[in-house]
Amino acid sequence: MTDDRWNAFITRVDPGEPRAEPVGGRLAGRTLAVKDLFDTAGVRTTYGSRIYGEHVPEGNAVAVQRLLDAGAVLVGKTNLPEFAWSVLGASEWYGSCGNPAHP
Numbered sequence: 001m002t003d004d005r006w007n008a009f010i011t012r013v014d015p016g017e018p019r020a021e022p023v024g025g026r027l028a029g030r031t032l033a034v035k036d037l038f039d040t041a042g043v044r045t046t047y048g049s050r051i052y053g054e055h056v057p058e059g060n061a062v063a064v065q066r067l068l069d070a071g072a073v074l075v076g077k078t079n080l081p082e083f084a085w086s087v088l089g090a091s092e093w094y095g096s097c098g099n100p101a102h103p
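Going by the working numbering, the residue at position 71 of the sequence shown is 71; the numbering climbs one at a time, nothing skipped.
Among the hints, erroneous ones may be present.
To be verified - Estimated spans, in silico, between C-beta atoms of each pair:
1. 24 with 95: 32 to 40 Å
2. 16 with 86: 32 to 40 Å
3. 15 with 57: 15 to 23 Å
4. 37 with 100: 20 to 28 Å
5. 4 with 88: 25 to 33 Å
6. 93 with 5: 38 to 46 Å
7. 96 with 56: 22 to 30 Å
8. 99 with 41: 13 to 21 Å
9. 98 with 50: 16 to 24 Å
10. 56 with 7: 31 to 39 Å
Worth flagging that the hints you see were computed from the coordinates, not collected in a lab.
Beta carbons: idealized from backbone N, C-alpha and C, even for Gly.
Can you build the whole structure from these sequences, using the hints too?
Written out as C-alpha cells, the structure reads:
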C-alpha cells in the first residue's frame, strides 16, 4: 500500500507483523481504512482540518471499535474535505482526492 496516486490517505498505519495465531471475528485479518472523520485510538485524526493536524484521540469511535472487535486491521485514515463539508473530495490542507474512474 505504498502507491497513493489518488491522494486517498491522510494518515497511514503500519499494521505490524502478521499474527502467528488466527484472529477471530467475521472480519478476521481484513484490512480497513476509515474516513479521517472517525476517532481512532492512538492514531492521528484530523477531521480534514489543519487545526486538528496533531490530534490523537484516546479512544475509538463506536463504529471503528466494532470493526476492530470483529477482527479488522486498520491500515490508514482516508482523505476528506475539512469537517466533511463537501462530497467533492477537495481538501485545502491535505490535497484533493483523485477519481480513479475519471483520472
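Against the structure, the hints:
1. Taken as a hint, the range 32 to 40 Å holds for the pair residue 24 and residue 95, whose Cβ atoms sit roughly 38 Å apart.
2. Hint check: residue 16 to residue 86, Cβ distance near 34 Å, so the stated range 32 to 40 Å holds.
3. One distance hint, 15 to 23 Å for the beta-carbon pair residue 15 and residue 57, holds here, with the actual separation near 19 Å.
4. In this structure, residue 37 and residue 100 meet the distance hint of 20 to 28 Å, their C-beta atoms being roughly 21 Å apart.
5. Between residue 4 and residue 88 the beta carbons are some 19 Å apart, a value that contradicts the proposed interval 25 to 33 Å.
6. Checking the proposed 38 to 46 Å range against residue 93 and residue 5 shows it is violated: the Cβ atoms sit about 19 Å from each other.
7. The hint said 22 to 30 Å for the Cβ distance between residue 96 and residue 56, and at roughly 25 Å that hint holds.
8. Look at residue 99 against residue 41: about 31 Å separates their beta carbons, and that is not inside 13 to 21 Å.
9. Separation of residue 98 from residue 50 is about 21 Å and conforms to the stated range, judged on CB atoms against 16 to 24 Å.
10. Between residue 56 and residue 7 the beta carbon distance is about 22 Å. The supplied range of 31 to 39 Å is therefore violated.
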